[in-house]
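A.B. asks: Using the sequences and the accompanying hints, generate a full structural model.
For the protein sequence lines, the chains are A and B, in the order given.
Numbered per our numbering, the first sequence spans residues 1 to 321.
Numbered per our numbering, the second sequence spans residues 322 to 680.
Don't take every hint at face value.
[Claimed, not checked] Heads up, incomplete: computed chain A residues facing chain B, CB under 10 Å, no partners named: (1) Gly51; (2) Phe222; (3) Glu242.
Since the hints were derived computationally from the structure, they do not count as laboratory data.
Quick caveat: nothing in here was measured; it's all calculated off a predicted structure.
Virtual Cβ for every residue (Gly too), placed ideally from N, Cα, C.
One-letter residues, chain by chain:
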Amino acid sequence: MSTNSEREVLVSVRHVDVSFDVGGKKKFVAVKDANFDIYKGETFAIVGESGSGKTTIGRAIIRINPCSAGEILFKGQRISGKISHKEDMDVIRNIQMIFQDPAASLNERATIEYCISEGLLNFHLYKDEADRIAKVDKALEDVGLLPEHKSRYPHEFSGGQRQRVGIARAMIMEPELIIADEPISALDVSIRAQVLNLMNKLKKEKNLTYLFIAHDLSVVRFIADRIAVIHLGRIVEIADSETLFQYPVHPYTVSLLSAVPMPDPIIEKNRTSIEYSADEKYEGQQEPVMREIRPGHFVFANDEEIVKYEERIKMLENLRK
Amino acid sequence: MNEDKKVILSAKDVEVKFRVREKYITAIRRVSLDLYEGETFAIVGESGSGKSVFTKTFTGMLESNGTISNGSIIFHDKDLVALKTEKDWEGIRGAKIATVFQDPMTSLNPIRTIGSQITEVIEKHQGINAEDAKKQAIDLMSRVGIPNAADRFDEYPFQYSGGMRQRIVIAIALSCHPEILICDEPTTALDVTIQAQIIQLIKDLQKELGFTTVYITHDLGVVAKVADRVGVMYGGQIIEYGNVDEIFYDPRHPYTWALLSSLPQLGVKGEDLFFITGTPPSLYNRIEGDSFAPRNPNALKIDFLKEPPFFRVTDTHYAKTWLLDPRAPKLEKPEVIRNLHEKIEEMTGKGGAFYVDEL
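C.D. replies: Written out as structure tokens, the structure reads:
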């Protein structure tokens, strides 16, 4: 990952806080000091439990939730805070989302044709009717559906097919970044595989960049190039995905890894999951910060913790030899 | 191996039909299953395979348009299929066979206190006074891991987190000392770390109280963790069952192969994951032959003509596929699921904790 500096940064999230008003003057900080880059053409995953702020980060990038501190750059341009209407439109067009529940995210009263071309209609991204239809057909074909599906309604499709429609409707805008928020969590095992394959195929063909938001580490390992682990609004570790699985250092990452059940009875019957409580967060008094423990491998730690993590990573490196 | 174990519930040739808009859908197609006392039996399958419907017949909880059209379910010398009225079910549903559902928010009443929802069950089934019921309820609450149970007795479900709520649902299910606990996707709505805790809790309570668990899930990781035996369901039937090791390391049915092969955990970066083409069979129509045949690239001719019987693999392991017929061509399971344990160990480190245990 030492080549990172030469890669084109598509999205740069810089020290972003997102907070919500919770009655009166109280504020709830859902995301604290998120700081990372997403490179063009990669799949960057944010993994965490419910309430960890992973979705909020995604929503901050597409401007649904305003940042209360920090800034977000898209291709070097600031897209957080106040921006012009034109820039706003550009963001909406270039960054598309795929949602978790395809049944809930499609208008059940609209035909698939309308669902998919809604973005085109809003932005007048077509020359004439024939062009619009051609684009819809192409989008359907890209996701493995047929042109005759156009006139149907969402309820006529299976879960996997609906998720394909959700992907087609994002793809038709020809975005550069797709934020996929738990895109396969609601799907059956065999359909998951289809959707993951499709996402990988489209990424290769169109040089897409994904921000993949998930709670399931085992899925993320397969799809992501780099992973950020988030806990209670704080990103605690970032590494490329193999590194994260082989050399996890932050105790929360370790606990998360230990909790994912693997499809192997011998392993599962003999393994105990490691609990992580936030109380053990700070060892010593000093406030932790994000540090680069190995090139491209970041961990949230203070001086005392980093010594411990350094020992652990050395031990893992010896084991892995 | 199972000879020394006592059968606690025996379902034979159970068939369930639902009436939907003047048509009948056969959701369960003649399924037989013996549950042994004290074991954990996991039923795994995709949505629509019938896993929930099948176990709902054990507690008479089919939707009103559904009927058991064939078969018997023997529990304590009683055929549960013959029970019709709510009164018939009293003393069995909730008392001897209890269920924990997926979403703890919908199984608890949001406008009543946690405590009253537990004591209600205890008072009704055990016929004891309110004070003793409260004592029992608090004891149960602390047993399922609610800290300061006495203080939280009068709180409402919204004041509990998702994992805590599921603990309460478990407490309610266990309040009548059931002999069988049906867990219908009990952790699907929960976070992985909470899931691990709930699974452990059910396991510990099972050890302590000795009930039999039926675990319904689509997550093969959870199956590997909890199950003694596994039944794989597809198209309204159990198509393969055996001890957990047999199902994971020596699966015989092509559908079980396909299910295991499509696991993202086994995926190789940069390569496509295996996936099952087509869609599950429509249960509106009569299914000829092996229900998985249309989606099975290696289907034999006979798979389309005649429904296969169960073939014996070992005394504990049976699969419903013509591949096990002596006349069938020899077919090996797909490469991706061979040496499953070695592959996963390679990935996670010894003990499966991603090289954490050695530290």
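A.B. asks: Hint by hint, which ones does the structure fall short of?
C.D. replies: Hints that this structure does not satisfy do not exist here, as all of them hold.
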